[in-house]
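J.: Residues per chain, in single letters:
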Amino acid sequence: MTMPRKPPRRIRRGLDLAGGLLLAVAVLVPSFVGVAGLPALGDAVNPGSGVWRLAADAGRAESEDIALSGLAKPVTVSFEDSGLPHVRAENDEDLFRAIGYVHARFRLSQMDLTRRQGRGELSEVIGPQALESDRFERDLGLRRAAERDWAALPAGDPVRAMLLAYSAGANDAIGGLTRSGRLPTLFKVLGYEPAEWTPVDSLVVQRLVGQKISFDDQAVRFSYAREALGQKIFDEWFPAVPANKQQPYDKGPFKKLPLAPLPISAFPDDLAATPKPVAAGESKPVPVRAAGLAKSMEPLRERLGNLPEGAVHAMGNSNAWVVAGSRTESGAPILSADPHLPHSLPSVWYQIEGTSPGYHFSGATTPGLPLPLLGKTDHFSWGLTASQRPTTLYYLEKTDPARPGQYYWKGGWRRETTLAEPIKVRGQAAVDHKVRLTAHGPILQVEGRPISVWWAGTLPSENLRGVMNLLRAKGLDGFRDSLRGWATPALNFAYADAKGNIAMLNVGVAPQVTGHDPALPLPGDGSADIAGSIAFDALPSSVNPPEGYIVSANQRETTGDYPYQYSTSYNYVERGWRDGEIVLRLAQDAKLSLTESAQLQTDWHDNHARQLVPLLLDALKGVQLTPVERRVADLLARWDYNATPDAPQPAFFDSFKNRLSWVTFQPWWTHHRLAQDPDQALLPRNPDAGAWANETLRGTVTSWVQKDRDNPFFSLPDGTKRNATDVLREAFRQSVKRTVGKYGEDFAKWRYGTYQSVLFPSLAGLSALDIGPYPWGGNPRTINASVGTRDDAKGNPLSNLATAGATMRFSIDWGTGKAETVIAGGQSENPMSPWYGNGISLWMKGRSWPVVEGAAAEKISTVKWKATP
Amino acid sequence: MEGDAVNRWPILVATLAVDLIALSLGWWWVIPLTGLAVAAAVPGRAAFTAMLAGTLMAGAASLVWQGGARTLDVADLTGAIALNTRGLGWAVVAATLVYIVLLAVAGAWLGAAVRRAGAGIRATGVADVEPVTEPLEERKDQHV
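Residue numbers (my numbering), protein chains in the order written: chain A, 15 to 883; chain B, 5 to 148.
The set of hints was computed from the structure by calculation and includes no laboratory data. Because the structure is a prediction, the values reported are computed rather than measured. All clues given are correct.
Ranges between beta-carbon positions, derived for each pair:
1. A/491 x B/72: 56 to 62 Å
2. A/52 x B/65: 24 to 30 Å
3. B/53 x A/882: 49 to 55 Å
4. A/36 x B/57: 21 to 27 Å
5. A/436 x B/13: 54 to 60 Å
6. A/323 x B/13: 55 to 61 Å
7. B/73 x A/559: 57 to 63 Å
8. B/53 x A/35: 19 to 25 Å
9. A/859 x B/53: 54 to 60 Å
10. B/90 x A/434: 39 to 45 Å
11. A/313 x B/102: 46 to 52 Å
Beta carbons are placed, not taken as given, at the ideal position from N, Cα and C, and that holds for glycine.
Extracted from the complex, chain A is given alone in its bound form (with noise of 0.2 Å):
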């Protein structure tokens, strides 16, 4: 028997080496570069600059000297055990180089997603999953538009100089996090470094916030129920002013001012104006209500339903209101505030207080931006809502295959205006994008018929200059004036001062179509352009009015008779329920004190339930109702209507109040075969879930039940007659056998807390880092707003998982000078922080960090950073 002969030794030693290269290659590649998306792992896990190196600043912040080139003079920020921190400079650049600074320091992973998402550069770092975002974004043309504001800035430009100067704070502290390889987890995991912050970066974020509140796709949406109803049945389910109870703040006399100028496209410069014609054309317009035009609208809707959670506004935002000293305590202006958002760790929202020779503010700024949004300062306070008045205009328009590239507009066909932006991403070749622009503005749909949209938060924006002005302003007539640029968004502005005058001031651009309503998809062919913007001083307002407070909780700002086209009831998610609850309070006799104002900001009373259930009690009188019927009809007359997490009532009620508008309506959208919108969310999925037509319709059909009790859309299609009465106990009866097979017949479990409740998810979409979900009580319209935000895997929106409402909320009494405010999703954007979500506890039991200023913040702060050039 032979042995089996060795390879030859030679061979053997070239396999030996061969070996170790491989295994060399394989641990090395990715150590050093990083492959499968992966980060390089060298970097990322080594002990000595990679993730470990963290630990550092896992604990509460330390007392540090630090240096910060280009400071002009020393700088000291003082930071109390809740992480506010106090920035004391003396000079103004100087403060916004520490503001830059800090917000780097706590918030650098959020800044750097934030301006990536507003750029349309997440894919770069994230992968193919945020291509959809990026496409969109780049679209949209966010950072477009900051690179031209930017050079339209002059040498000298105080706004330049803030941005400048806010930078360079902000690269401070990317360089000594960088350089000491302490920057956030999320690089490391990621395996990149950010770049440099510039001052574009920041007016991406100015406009993305705006996106967030803005940006909507109402128009598209209700255009399927447009043209299934008709006009007719369209404007009594839709009215302009919603049907229900309202609470405008400016009820007129209105002026009627000749219109402002607004440019006709989204991008007013040399992009897209004007465009010459390359051929003559027709000139007969083409009907934008032709038969199957919404179906026609399908890829937009799809994209757009397809954008990431909250690229497309779809919630109302926020409460402010303001009392005169006569309904006080303290006899001076109370101011509440809470911009009502998605929660998200970290907050949206970073509290500060900045002090140096030209400003002196305490308020929540957003990172990447250096001012504050909402706060005080010596002579007032301000705080914000979302004015919903459409600001996003979608135009069809004409094109012919025979002309590619081009589109017909103002009587001849104009050549499309293209931009090559390759997207980078990771883990793969750069996708090639293009960037199609109209004289409107970019086309959104590019299948089928193009759709381009003109959306006012492109426009070139004076926003950051208006708010420097705001914070030096002495009084209500700087504040004011300070604001007259302001583009977009559309918001109104709350405001207290010391003097004793309360204000609300609706701010932004308001389009104008002629001929044309702008809350539905426009013909693109030059007949429906925009004829010019609402001028600034006829805007609705309010100052000092006799009632002695003022609300804005995103109802319609203005009576029905405002001499403008201004906005539909579609454009108004929650439309008269906050307000309403808000005025039931603050239009009582008893004088308000700091302390019941910031209380009302937690209320969770129903105004919708106050409205309807005494109605439905009525209709049930005399009625035979079974013994089951008979516990709720009960349970209902001993509810006030507080959707607490102990109440068992909402149970019942969050099924009813669909089922009146199903009841109500569902014959008939049926009837007029109104079809589903492609994502789902125009008609509720069945006789219980919400939708955008049902937050309308509970609207209408409240007002009819109230006030029209024989309505003819009460009765059926077929002939069948109905009112009021039968409509109401039909949908009782409905809704109590929903609800009984859904929690059974003991009402210890319809306890509300037991499936009502809140998230705080991290922005990062990691559910890993999320914190909750809480038993928690409220809808979207009770004042202390829990609104759903997601959806299950099924689609199915998953409205008792509160994932968005107060994000923060501010007070203050001109009268004892005591200010609060919380922050839920807290100061600190690093999960082993102390300060991470450390405004969650305080926010969920009502409480708030008094707002401490100058030489008192100092006495109670335990942290000091002292700054030097």
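Fit chain B to the supplied structure of chain A, relying on the hints for placement.
T.: Using the frame of chain A, we list chain B on its own:
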């Protein structure tokens, strides 16, 4: 045997010291170089084992030095971000140490292969001539 004659302690201590300093500076690439250098210079299992032990100790000490009492917290956070799951801190620590050892092994194999190739050339004087006998460490180091 030749390898057993090597004193392991100097190798362990030297590797520990070099890797500890390198890791404290974030120079993770020193680890495979250390492995390469040791395996190229000193044949045998004992040297290899000592080098691995030194690397592992340097890695572990470095983690504890950087993380202190928060080491597992950092690991947990890293696991949460990388895997979207809480409670996997121990796995992140283990994976980090395995990775560090793997770097050393990769360097060591390459170092040993270079040494063996060099030894073969020296033994025959001509690289492409078959040696009469295999060097001792060839049989002992086959595990590498």
